[in-house]
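Listed below, chain by chain, are the residues.
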Amino acid sequence: MSTLVGTALTQRFGSELALDAVDVAIDGGEHLAVLGENGAGKTTLLRILATAARPTSGSLEIFGLDAMVERRRLRARIGFVAHAPGLYPALSAAENLGFFCTLQGVARSRVAEVLDLIGLADAGRRPAAKLSRGAQQRLAIGRAVLHDPRLLVLDEPDASLDSDGADLLARVMRGRTAIIATHDHALANRLCQRTLLLRRGRVVGVPTRLRVVH
Amino acid sequence: MRTISIALAVARKDLTSEWRTRELVPALAQFVVLALVIANFGFQIDSHNAVAIAPGVLWMALVFAGLVAFGRAFAAEREQASLEAMLLTAAPPAAIFAGKALAAALLLAICEAVLLPALALFFGVRLSFDVVSAVLLATVGMAVLGCLFAAMVARVRARELLLPVLTLPLWIPFVVVGGQAVQAAMGGSVTGQATGLLLDLDILFVVLTSLAARFVLDD
Amino acid sequence: MTNTRLGQASAAAVSLMLVAAGFIFLYAPTDALQGPVQRIFYLHVSSAIAAYGCFAVVLLGGVVYLWKENIAADRLARAAALVGVAFTSVTLVMGMIWAKPIWGTFWTWDARLTSTLVLWIIYAGYLMVRRLAEPGRQAARFAAVVGIFGFIDVPVVHFSVTWWRTQHPGPVVINDTLPAEMLVAFLITMACTLFLAGVMIAIRYRIEVLMDQAAEKTVPAPIVAPSEARGAR
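Residue numbers (this note's numbering), protein chains in the order written: chain A, 131 to 344; chain B, 29 to 247; chain C, 2 to 234.
No wet-lab data here; the hints were simulated from the structure.
All clues stand as given, with none of them false.
Residues from chain A that keep clear of chain B, each with C-beta distances beyond 12 Å, as calculated:
no., residue
1, Gly169
2, Leu195
3, Asp246
4, Arg332
The calculated lysine to any residue pairs, modelled on SDA-like cross-linking and capped at a C-alpha distance of 25 Å, are:
no., chain 1, residue 1, chain 2, residue 2
5, C, Lys69, B, Ala118
6, A, Lys260, A, Asp297
7, C, Lys69, A, Gly188
8, C, Lys101, C, Pro37
9, C, Lys101, C, His169
10, C, Lys69, A, Thr186
11, C, Lys69, A, Arg203
12, C, Lys69, A, Gly194
13, C, Lys69, A, Arg184
14, A, Lys260, B, Ser45
15, C, Lys69, A, Leu195
16, C, Lys101, C, Ala87
17, C, Lys69, A, Arg202
18, A, Lys260, B, Ala109
19, C, Lys69, A, Thr140
20, A, Lys260, B, Val53
From chain A, some residues computed to sit far from chain C (all C-beta separations above 12 Å):
no., residue
21, Asn168
22, Arg207
23, Ala300
24, Arg304
Don't be surprised by glycine CBs; every beta carbon is placed ideally from N, CA and C.
Take these sequences, add in the hints, and give me the full structure.
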């Protein structure tokens, strides 16, 4: 059974059509790369799949639940890394994660685990504002997996990551269903089994199946 | 239970951030003192009319300081894109809203701790328990309404314009009743009725805003 | 409703307002104290009541929208808000014209006047939210919240100041202090004004439907690059 099925997803912003009847389906454990130029609709599509935005029309089912209705239940099972890291600059890395532990209702012990996972174990007490752009991005990724979600939605997470960022992404995506928007075809090739190419809000061609590297 | 712990965590997060950056409170405190100075020139205040004008000046300063404080409560979250991160969790929006309102109310109360003594000093008014309780009771209702509309305007265009337009008319009951309570208390008469009405308004708007928070914060 | 039916209804509303004018100027007696200017009363009070009715529709439309996500309820609220603001403006302007010869001033900060002005500001804010929020779901939700809080605020403003003495007269119709002929003229004017408000809401509702349809019929983004499109033409 598919983990996620989106049918005819359409998003309008005023008179502009950002997403035009996009169909997308992902199986459990599968990794899908969404490719396309800037303004092709990658972010729009990912925000809809992460329940951060509502499509103008179309339907979306995640884990067998209607995503237009069961948003709160689904959010407990989805991790989302948005374009901006969305951290609290005055709080330390550990405090940022700790705060989201309370919001997600998970034990505080997850903070140390996640800091370890994202390679910031030594920087836990530094304020988020003092972290490098790459470290902030790592923290945002850590926050997205804090509640151990089964579905991970990543919007250009590699944009500010350093050279070993791909390893981190591979680590957090392992064992989860994941959708990742990126410009980097090599990265998509390495991390994902399938790609979806967007152009001006439409799916171009048939979703390709990449060679399996694992 | 979970709602309360989330609300407290949100409020604590806001207050910790404010304590470390000291962005808002010093500026607000300076703002309310400046408001008193401007009022002095605007109203040509002397020892005869000071007591009559003081309640009006108090509410003017409070209303405009409140607009800044509540606007800031959500503007900062929006700039950091952290509001969305909070909303995309399992936490109920009403709990997040309650936490934001609680923190904003406490920050405004700190400003009042500057405003009221300054008013007593410059305008020679007597600060009784009744005056302080009327101001604090009004702060609660103003905070929940202000935060509700601040959350709303944080997500629309032209937000600087829209917040006062939406919030000020709905604050009028607090200014009217609070103004009467303060005027009565400064004149030495009983304020029981006005205080009771402020409490009623607080309960009404706390209940309504927590019901409405879901529609404003969730998409 | 079709455009023909709306046209007929508008014609009926205009005729009825002329009938009301006949009752106001020809049937009702001239006030002994205030003279002809008192004739403002009929339309002044009627449009105030029509405005309250419109805002009640905004409240109901908002509640139904938040509850059922019914777009028709939202359109009705949108239409009623605009008509309500128009009638509130009429009430305020006519009141000021009446106040000048009788009270000697256009405006006084009396409870009734102030709360009516606040009402106008609240619903003007409602219309602003509609324009500034993202069209569709967000605009509808935000406006519904403003409409609900706005309506609750009206009695709050109104009653919190009833301890104050007011210059504005209290209700004369319910208190049975109005002469029979004046009462007849008033009731007819009120009925006609309410009908007019209903027709105005219906017309505006139709406009909202058409605007929603126009917004949905946007041209999809061209799949070809703009340069290619220019070459093809």
